[in-house]
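Engineer: Spelled out, the chains give:
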Amino acid sequence: MTTAQPPLYWDPFEAELAKDPYPLYARMREEAPLYRNDRHDFYAVSRYTDVQRGLADWQTFSSARGDILEIIQTGMEMPSGTLIFEDPPVHDIHRRLLARVFTPRRIAQLEPRIRAFCERVLEPVTGADRFDLVEAVGAEMPMRVIGMLLGIPEADQATFRDRTDATLETGDGGRIAQEDILNTEGFQDYIEWRKKHPSDDLMTELMTAEFEDENGNRRTLTDGEVLTYCTVVAGAGNETTGRLIGWFGAVMARYPEARRELVADPSLIPNAIEEILRFEPTGPFTARYVTRDVELHGRTVPAGSAMLFIQAAANRDPDRFDDPDRFDIHRVSQHMSFGVGAHYCLGAALARLEGKVAAEEILRRFPDWEVDWDGAELAQTSTVRGWKTLPLVIRGA
Amino acid sequence: MGDRWKVTVDPRVCVRTGLCAASAPTEFKLDEQGQGRATSETLPASEEVLEVAESCPIEAISIVDADTEEVVFPPE
Numbered sequence: 001m002t003t004a005q006p007p008l009y010w011d012p013f014e015a016e017l018a019k020d021p022y023p024l025y026a027r028m029r030e031e032a033p034l035y036r037n038d039r040h041d042f043y044a045v046s047r048y049t050d051v052q053r054g055l056a057d058w059q060t061f062s063s064a065r066g067d068i069l070e071i072i073q074t075g076m077e078m079p080s081g082t083l084i085f086e087d088p089p090v091h092d093i094h095r096r097l098l099a100r101v102f103t104p105r106r107i108a109q110l111e112p113r114i115r116a117f118c119e120r121v122l123e124p125v126t127g128a129d130r131f132d133l134v135e136a137v138g139a140e141m142p143m144r145v146i147g148m149l150l151g152i153p154e155a156d157q158a159t160f161r162d163r164t165d166a167t168l169e170t171g172d173g174g175r176i177a178q179e180d181i182l183n184t185e186g187f188q189d190y191i192e193w194r195k196k197h198p199s200d201d202l203m204t205e206l207m208t209a210e211f212e213d214e215n216g217n218r219r220t221l222t223d224g225e226v227l228t229y230c231t232v233v234a235g236a237g238n239e240t241t242g243r244l245i246g247w248f249g250a251v252m253a254r255y256p257e258a259r260r261e262l263v264a265d266p267s268l269i270p271n272a273i274e275e276i277l278r279f280e281p282t283g284p285f286t287a288r289y290v291t292r293d294v295e296l297h298g299r300t301v302p303a304g305s306a307m308l309f310i311q312a313a314a315n316r317d318p319d320r321f322d323d324p325d326r327f328d329i330h331r332v333s334q335h336m337s338f339g340v341g342a343h344y345c346l347g348a349a350l351a352r353l354e355g356k357v358a359a360e361e362i363l364r365r366f367p368d369w370e371v372d373w374d375g376a377e378l379a380q381t382s383t384v385r386g387w388k389t390l391p392l393v394i395r396g397a
Numbered sequence: 001m002g003d004r005w006k007v008t009v010d011p012r013v014c015v016r017t018g019l020c021a022a023s024a025p026t027e028f029k030l031d032e033q034g035q036g037r038a039t040s041e042t043l044p045a046s047e048e049v050l051e052v053a054e055s056c057p058i059e060a061i062s063i064v065d066a067d068t069e070e071v072v073f074p075p076e
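Taken in sequence, the protein lines are chains X and R. Be aware that the first sequence starts at 1, since it is given in UniProt numbering, and climbs by one per residue. Be aware that the second sequence starts at 1, since it is given in UniProt numbering, and climbs by one per residue.
Hints were generated in silico from the structure; no laboratory data involved. Certain hints may be false.
With a Cα cut of at most 20 angstroms, we get these calculated SDA-like pairs of lysine to any residue [unchecked claim]:
id	chain 1	residue 1	chain 2	residue 2
1	X	Lys-356	X	Pro-270
2	X	Lys-356	X	Gln-109
3	R	Lys-29	X	Arg-326
4	X	Lys-196	X	Thr-222
5	X	Lys-388	X	Ala-236
6	X	Lys-19	X	Glu-169
7	R	Lys-6	R	Thr-39
8	X	Lys-356	X	Arg-106
9	X	Lys-356	X	Pro-266
10	R	Lys-6	R	Val-71
11	R	Lys-29	X	Ile-394
12	R	Lys-29	X	Asp-92
13	X	Lys-19	X	Ala-376
14	X	Lys-388	X	Phe-131
15	X	Lys-19	X	Arg-326
16	X	Lys-356	X	Ala-116
17	X	Lys-19	X	Arg-175
18	R	Lys-29	X	Val-90
19	X	Lys-19	X	Lys-388
20	X	Lys-388	X	Ala-158
21	R	Lys-6	R	Thr-26
22	R	Lys-29	R	Arg-4
23	X	Lys-356	R	Ile-58
24	R	Lys-6	R	Ala-38
25	R	Lys-29	X	Lys-19
26	R	Lys-6	R	Pro-44
27	X	Lys-356	R	Glu-59
28	X	Lys-356	X	Asp-92
29	R	Lys-29	X	Asp-57
30	X	Lys-196	X	Glu-212
31	R	Lys-29	X	Pro-88
32	X	Lys-356	X	Arg-260
33	R	Lys-29	X	Tyr-344
34	X	Lys-388	X	Phe-13
35	R	Lys-29	X	Lys-196
36	R	Lys-29	X	Ile-93
37	X	Lys-388	X	Gln-157
38	R	Lys-29	X	Arg-53
39	X	Lys-356	X	Glu-119
Take the sequences, apply the hints, and build the full model.
Structural biologist: So, in structure tokens, the structure goes:
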């Protein structure tokens with residue numbers, strides 16, 4: 001007699017499943033390459049080729065209603081300037097205004113300032129035999145970097161970060177409240193103030209950049225659009241990068257051999273960050289709205305459906321990656337964690353740089369650690385997967 | 001420096017953001033796979049083309065001078 005597997009069921013809102021979703025993702029790739037969830041009314045694809053093709057096909061899989069399942073399902077109106085909730089050509093027009101600031105080369109110039117932030121947040125825990133990596137670095141460093149880019153005074157940066165984190169935190173089975181997702185309260189005052197005190201920050205650049213809009217008019221962004229841009233950039237740049245740093249701490253504790261290699265040869269760190277992004281993506285899946293009937297694996301997904309693209313599953317597709325569940329800092333791969341197509345993560349270069357700098361500075365101070373797994377806790381959100389607390393126990397301290 | 005550039009998009013790196021074709025539709029187009037490529041063998045040298053190459057989030061675009069083969073982008 002063979003042991004029957006339980007029926008395949010994936011609930012993206014369930015906390016228990018988020019602990020180790022990979023065995024289930026493997027079954028989905030194998031048994032249900034087009035997965036249907038009746039209870040939450042969505043479809044999902046998990047194979048690399050399906051995720052890659054689908055995310056690049058914005059005409060069929062639209063972002064105009066959001067990229068989060070529960071937001072798409074509310075059918076809420078999206079304001080102009082959200083970028084992540086827009087389709088080309090409007091999306092491309094809006095993205096170009098920011099793309100200039102986030103080019104790999106311009107971001108690379110920020111390295112000394114980012115390193116200084118990192119050194120500063122590590123200073124209080126240097127010499128400690130135990131500390132929470134998320135609290136000390138993950139929650140602090142990306143906030144300082146984004147705050148610097150946007151020109152938000154340091155004293156107020158934590159307020160903005162906490163507001164986004166609270167919006168995304170959903171609890172087991174919970175949903176994001178639609179009225180919170182683009183809560184722009186707070187930035188309004190800065191925009192007023194920045195207008196009178198222009199600086200070399202992103203907010204000033206956004207307020208003054210001239211562009212040709214979708215109707216062919218040359219103009220600058222409205223206050224409302226600048227506000228939405230800043231909210232989106234701050235929201236996207238804080239939590240995701242913070243979780244990446246958390247995953248660095250967790251994965252390095254699980255694979256001490258890799259960690260020792262990085263200590264011995266820090267030039268391997270950038271590729272190790274890519275492998276961490278592949279192995280434990282902070283944004284495991286992305287939702288799209290289906291604009292027309294589409295055939296997938298012999299079934300028709302009707303127009304009007306919500307589709308989830310599971311990048312975390314695609315990243316471990318054995319048809320694309322050899323021995324995909326093996327963590328290998330030497331692997332050369334093109335993972336799906338920053339997406340593909342028009343919405344490829346605008347902040348990818350910044351996230352990579354922050355991840356690299358954090359890894360270098362942490363390894364330099366703490367070459368050896370374990371995680372107190374009983375004290376560690378995964379954050380519960382329906383959009384981001386990562387550690388809420390990750391107590392490191394330093395060895396040789 | 002010459003006034004024509006040879007512009008190539010590395011298909012192994014390109015993740016089909018479509019930003020090049022959206023920013024400079026005269027100089028760039030997308031192939032059937034959605035990957036960017038230059039619209040002709042060589043393009044007139046311009047700030048705009050350089051900005052497109054610089055703005056590619058994965059730096060998949062490289063530029064060399066068509067006459068001298070000198071690398072224009074990425075530098076180094």
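Engineer: Taken at face value, is the distance from the CA of Asp-57 of chain X to the CA of Lys-29 of chain R at most 20 angstroms?
Structural biologist: holds, 16 angstroms
Engineer: Could you grab the alpha-carbon distance between Lys-196 of chain X and Thr-222 of chain X and see if it respects the 20 angstroms cut-off?
Structural biologist: holds, 16 angstroms
Engineer: Measure nothing beyond the straight line between the CA atoms of Lys-29 of chain R and Ile-394 of chain X; if it is 20 angstroms or shorter, mark the hint as holding.
Structural biologist: violated, 53 angstroms
Engineer: Does the alpha-carbon distance linking Lys-356 of chain X and Ala-116 of chain X stay inside the 20 angstroms limit?
Structural biologist: The given pair, whose Cα atoms are some 13 angstroms apart, holds under the 20 angstroms limit.
Engineer: Below or equal to 20 angstroms on CA atoms is what counts here, so check Lys-29 of chain R against Asp-92 of chain X.
Structural biologist: holds, 14 angstroms
Engineer: For the pair supplied as a hint, Lys-388 of chain X and Phe-131 of chain X, is the alpha-carbon distance within the 20 angstroms limit?
Structural biologist: Since the Cα atoms of Lys-388 of chain X and Phe-131 of chain X sit roughly 13 angstroms apart, the hinted pair holds (cutoff 20 angstroms).
Engineer: Just to be careful, I want the Cα atoms of Lys-19 of chain X and Lys-388 of chain X compared with a cutoff of 20 angstroms; is the pair within it?
Structural biologist: holds, 13 angstroms
Engineer: Assess, step by step, whether the Cα of Lys-388 of chain X is no farther than 20 angstroms from the Cα of Phe-13 of chain X, and give holds or violated.
Structural biologist: holds, 17 angstroms
Engineer: Is the straight-line distance between the alpha-carbon of Lys-29 of chain R and that of Arg-326 of chain X 20 angstroms or less?
Structural biologist: Not satisfied, since the Cα-Cα distance of roughly 38 angstroms exceeds 20 angstroms.
Engineer: Regarding the pair Lys-6 of chain R and Thr-26 of chain R, is the alpha-carbon distance no greater than 20 angstroms?
Structural biologist: Given that 20 angstroms is the threshold and the Cα spacing comes to 15 angstroms, the pair holds.
Engineer: Checking one constraint from the list: CA of Lys-356 of chain X to CA of Glu-119 of chain X, max 20 angstroms. Satisfied?
Structural biologist: holds, 13 angstroms
Engineer: Lys-356 of chain X and Glu-59 of chain R were given as a pair; does the straight-line alpha-carbon distance stay at or below 20 angstroms?
Structural biologist: Judged against 20 angstroms, a Cα distance of about 18 angstroms means the pair holds.
In this structure, the hints that do not hold are numbers 3, 11, 25, 28, 30, 35, in rising order.
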